[in-house]
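Trainee: The task is simple: from the sequences and hints, build the whole structure.
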Amino acid sequence: MSQPAAIEVVDVSKRFGPRWAVARLTFTLATGRALLLTGHNGSGKTTLLRMLATATFPTAGHIRLFGQETRAERAALRDEVALLSHASFLYEDLSAEQNLTLVARLRGVPQAKAAVAALLDKVGLTTRSDSPARHFSAGMRKRLAIARLLLKRPKLALLDEPFGELDPAGIRQMEALIRELKDGGTGVVLATHLVEQGQSLTDERLHLENGRAVGAQA
Amino acid sequence: MSQPAAIEVVDVSKRFGPRWAVARLTFTLATGRALLLTGHNGSGKTTLLRMLATATFPTAGHIRLFGQETRAERAALRDEVALLSHASFLYEDLSAEQNLTLVARLRGVPQAKAAVAALLDKVGLTTRSDSPARHFSAGMRKRLAIARLLLKRPKLALLDEPFGELDPAGIRQMEALIRELKDGGTGVVLATHLVEQGQSLTDERLHLENGRAVGAQA
Amino acid sequence: MSGHPKILAGAFEVLRKDLLIEWRTRARLNALIFFSLATLLLFSFALGPDSELLRKNAAGYYWLGILMASVLSLGESFRIETENLALDGLRLIPTDPRAVFLGKAFGNAVMLWLLSLIVLPVMVALYDVTIREGVAQLAGLLFLGCLGISAPGTVYAAIASNARARDVLLPLLLFPVLLPSLLASVKATGLIFEGDPMLQLRSWVGLLASFNVLYWGLGFVLFPKIIEDD
Amino acid sequence: MSGHPKILAGAFEVLRKDLLIEWRTRARLNALIFFSLATLLLFSFALGPDSELLRKNAAGYYWLGILMASVLSLGESFRIETENLALDGLRLIPTDPRAVFLGKAFGNAVMLWLLSLIVLPVMVALYDVTIREGVAQLAGLLFLGCLGISAPGTVYAAIASNARARDVLLPLLLFPVLLPSLLASVKATGLIFEGDPMLQLRSWVGLLASFNVLYWGLGFVLFPKIIEDD
Amino acid sequence: MRHWTLTYSSQTQALLWLPMILLALVLALIGVHVFDPKARRWTWKALAVIGVGMAVGQPFLALSWVPPEKYMGDTGRILYVHVPQVWMALIALTLNFGASLAFLLKKSWVSDALAEASAEVGVLFGAVGVTLGALWAKPTWGAYWTWDARLTTAAILLVVYSGYLALRKFIEDPEKRATWSAVVGIFAAVDIPVLWFSVKWWRSMHQTQSNPSTVDPLMTAVLRYSATAFLALLAVFIYQRFLVASAKRNEEVALPEALPAVGGTP
Ligand code: HEM
Ligand SMILES: Nc1ncnc2c1ncn2[C@@H]1O[C@H](COP(=O)(O)OP(=O)(O)OP(=O)(O)O)[C@@H](O)[C@H]1O
Ligand SMILES: Nc1ncnc2c1ncn2[C@@H]1O[C@H](COP(=O)(O)OP(=O)(O)OP(=O)(O)O)[C@@H](O)[C@H]1O
Ligand SMILES: [Mg+2]
Ligand SMILES: [Mg+2]
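For the record, the sequence lines run as chains A, B, C, D and E.
Per my numbering, the very first residue in the first sequence carries number 45; after that it's consecutive.
Per my numbering, the very first residue in the second sequence carries number 45; after that it's consecutive.
Per my numbering, the very first residue in the third sequence carries number 554; after that it's consecutive.
Per my numbering, the very first residue in the fourth sequence carries number 554; after that it's consecutive.
Per my numbering, the very first residue in the fifth sequence carries number 2; after that it's consecutive.
These are computed hints drawn from the structure, not numbers from a lab.
In this text the structure is predicted, and so the values were computed from the model without any measurement.
Take these hints with a grain of salt, some might be off.
So the derived label-pair ranges between C-beta atoms look like this [said to hold, decoys possible]:
(1) 766/C <-> 770/D: 52 to 58 angstroms
(2) 75/B <-> 576/D: 34 to 40 angstroms
(3) 219/A <-> 559/D: 17 to 23 angstroms
(4) 161/B <-> 253/E: 49 to 55 angstroms
(5) 162/B <-> 154/A: 57 to 63 angstroms
(6) 576/D <-> 766/C: 40 to 46 angstroms
Here a beta-carbon is modelled for each residue, glycine too, at the ideal position from N, C-alpha and C.
Mentor: Structure follows, in structure tokens:
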């Protein structure tokens, strides 16, 4: 095993109260590959992604990213993993620019100011960089959350419904972005209900039903 | 003019702070027809829909629904208009069933209990009817919000990104539902970024750019 | 459009919903009780072990405890309405805004009243007071006082819940306005504890009642202006 | 992985962010000031017009006002973290949870301290007290007392912000734990107001300082357990 | 209360009417100002001249012309500032109530700006009046502050309206700010009569309103004179503050050039 797998999920289950959101899931994703995550509403996609991002941890089983156990190595792993989630992680009362600058400084991004400006331009929010996130439309929040994600190139990008709320131009940009990430060697996990679009962007597919993997793993 | 138009928007503008979210918009929609609302992120779709739903009112200009002015006749109009919005309007600590029952009782739906059970079945949440909304996944919330909307057939349905977060089966159901509403004579305004899907469901299209109508109205 | 029976029916539904939420989470009343107990304890701690002093001012401390609890309770009662814009949803059902006011204000009053009744025996033991004028009378007075807090409280909580810094804005707006009616409650309660030889109780209760009429009337008329967005 | 300089840098960023939000909304401190003024008034009003009594218990009322304000301030400081799961975002950046603790607790202490200093002259005038042992000493004592509130306060605010009915839960958890250090603050402040002939001040301040060491140490170690979800 | 059984020369008797005449003039000017928009260019200036002129003369009257007060001696002269200041504050806050009510009945930025102006000026006058009262209380009652009903209600009123002003600062959206603060203004106004009657309701150590028939006519005259001067100044203050507020409001709610005005005010 010269290079450890990007993701290694071993018999993972996650319980909320009496209900198992993810149940005895096992799969691996080799480095540099992209995985499509599909499943009906409530099938456990978000829960799985949050576990991969070390935002929460399995009730049972193990997750290893690049060979490192998530629970034990969270500090190191968080530096390399990025999550785009249903929740935007934004501070409502900070402006778009301040939101990004905070993350840039905490991540130690060099030339934070320039990097932030470039990203705001990239997601089309330059003219609104001083507005607080509270005043943003649904799609504008999503765009800001995407910019937040891109401040530092991650080794693994976890994207939970990245196309939602984006306008057609935004969707095309997002697709280009995913390709770019892949080409740069970043692992991608993409959860979406737009199956065709998703399939054209990924190499493998995992379909969840009630928290369990269904069908052959591609 | 035997029958007033379903929607009559006359020179409507809406300001938030220094910024105009909707600017001098004028259009009409005849009764029983369906309108597709498109536009880039932040173009004012949600704001327009909220004004049509009497959730908020124009800074300048007039909106008439079925010949009645929204500001003056809000109580009567709210009985006939239904809004599916980015926000779900759900009480997080009430169960799915309790959320629906509350609305059913306030709307005076006859046989509330049976109606609620039927709708929960329709959106596939029967097994989760006792879970509080707080424990729902993104798509499950959306489904519950849709059920809430359907408790009483509206004369005008305002749908803000109704396909978002729904799984493929949910999207198909939503499409069928829109057709059903149209066939029943309900006016529909559908805001979505999935333009092709939207066009196949509607008769007219209004494209917004920075709060202004762009291009010929179909 | 909306006759009086319809408003009352709406108010009842709103009240029912709030009680349901309270019942499901079972958190508010429990926590409120502990909070006001802690406040009562705090007073006795912060003010030293002078039991004569405590007894003399018992009514004041007691109402302060209720008042502090009311801020938390009112804030919570509108927090559940801001999540998911639930209040918008309620308005658009449609529910008469005045029904929302009546339901919420009454629910808050009942909650506070229950709290005050539950805390009462502890307070009596802690501060060593005697209830001279009858418990039923006291209960009635407490309810009147709680009604007097909850009507302006509901209006102001609706404002604060939509503004920035909601948690701090509510008490800032509410406390000063409540002071006069609170004073009447304190004085009347004090007379019930210490006896009422000069028959002043009546006039304090009358004052409290007039404040109530005024505040409930104002709230009923003005609340719709606050939650309607125009 | 995370050496001490890194924790401090992270704490600084967290503090900076909170101050930025405070600056943009400019709401919290303003509102807190009015709130504690109203609370001071409330005490004097509810406790009748006995100015001798007020002077005697001034220190107690003063700290009670600060404490009540702290509950609101701490709640607000975590409310901004629950919207959009911002705290999750912060953790995943990654930020060391201990840096979050230090930044937030220190920010809250500074906020409370400013509040107490601003309210001080009003309190002195209203309750007619004299500061006998020097203003600088008093300011130092106040800061120590605020630090003593904010460390456990931050821990509990984090717990409460995750639980249901968070607003009411916080004071419930906070008050009992704070009682001893609050008592020390009140006693020491009282001695500064009334003079310290028996040189007891030192021992009360010592007690307060030890509580501080304890609370900050515990908070530093325990806070990560609270915000990490495992 | 303070009976003076001296008799005055007819000249002095005539002088006693002067304040009433000046008061009538000031009220007339205010009336013209309110009802004739075109006159507003000069009415406020006239009021300012009268107010400043009278205020300059006021110390002479209050400090030397009128004889010292029977029980309190010279310290009693604070009366001539304390009382009118408090009166003016109450007038301004009552105006705030009227403007709030007017806004809720018919939305207009004029009533909103007037509400803002009157509350701020009212709090200012009130603060001065209360401070002077406190300075007066030290020699007469022996302490700057007591928890007397009148003083307490005065303090409450100031805090209530400070809260009102703070609320206005917290809300960015002009429509919401106007509506919400109007509601708060109406609730706050409940405290105005409470303050006024506090001396009767709670037997207070603060002086009840004395009746002109029981007070020396000279004192009454000087008091009326001072009140007139402050009334003129109050009107000028409120008007100037109102101009600032409406300019700001117009800026906030202006329709940009690309959007020629349609519909107008909300
Ligand atoms: C805001 C409400 C207030 C009003 C309407 C008010 C009004 C008056 C009036 C009308 C008088 C003259 C009574 C008379 O001789 O006919 C008076 C006297 C006085 N006021 Fe006030 N006042 C107010 C607040 C205060 C405050 C806050 C203080 C002190 C902190 C104060 C201190 C005094 C004193 C010391 C006197 C002289 C009392 C005496 O003759 O025994 N007043 N006030
Ligand atoms: N409460 C608010 N305060 C300030 N500005 C707002 C507010 N709500 C919306 N806006 C602004 O109004 C404009 C239109 O927003 P709106 O939500 O209507 O857009 P939208 O077309 O629905 O966009 P999306 O496709 O992203 O949902 C945006 O510029 C937004 O920033
Ligand atoms: N905090 C929670 N408490 C209780 N149950 C939860 C919680 N979060 C998720 N669940 C449950 O776990 C299951 C999986 O939820 P999850 O959000 O992972 O679904 P999903 O696949 O992302 O669905 P969607 O397509 O709707 O986003 C659901 O049944 C949901 O009700
Ligand atoms: Mg999901
Ligand atoms: Mg939108």
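Trainee: Hint by hint, note whether the structure agrees.
Mentor: How the hints compare with the structure:
Look at residue 766/C against residue 770/D: about 55 angstroms separates their beta carbons, and that is inside 52 to 58 angstroms. Between residue 75/B and residue 576/D, the C-beta spacing of about 52 angstroms breaks the proposed range 34 to 40 angstroms. About 37 angstroms separates the C-beta atoms of residue 219/A and residue 559/D, a value inconsistent with the hinted range of 17 to 23 angstroms. Checking the proposed 49 to 55 angstroms range against residue 161/B and residue 253/E shows it holds: the Cβ atoms sit about 50 angstroms from each other.
Taking 57 to 63 angstroms as the suggested C-beta distance range, the pair residue 162/B and residue 154/A conforms, at roughly 59 angstroms. For residue 576/D paired with residue 766/C, a C-beta distance near 43 angstroms keeps the hint of 40 to 46 angstroms intact.
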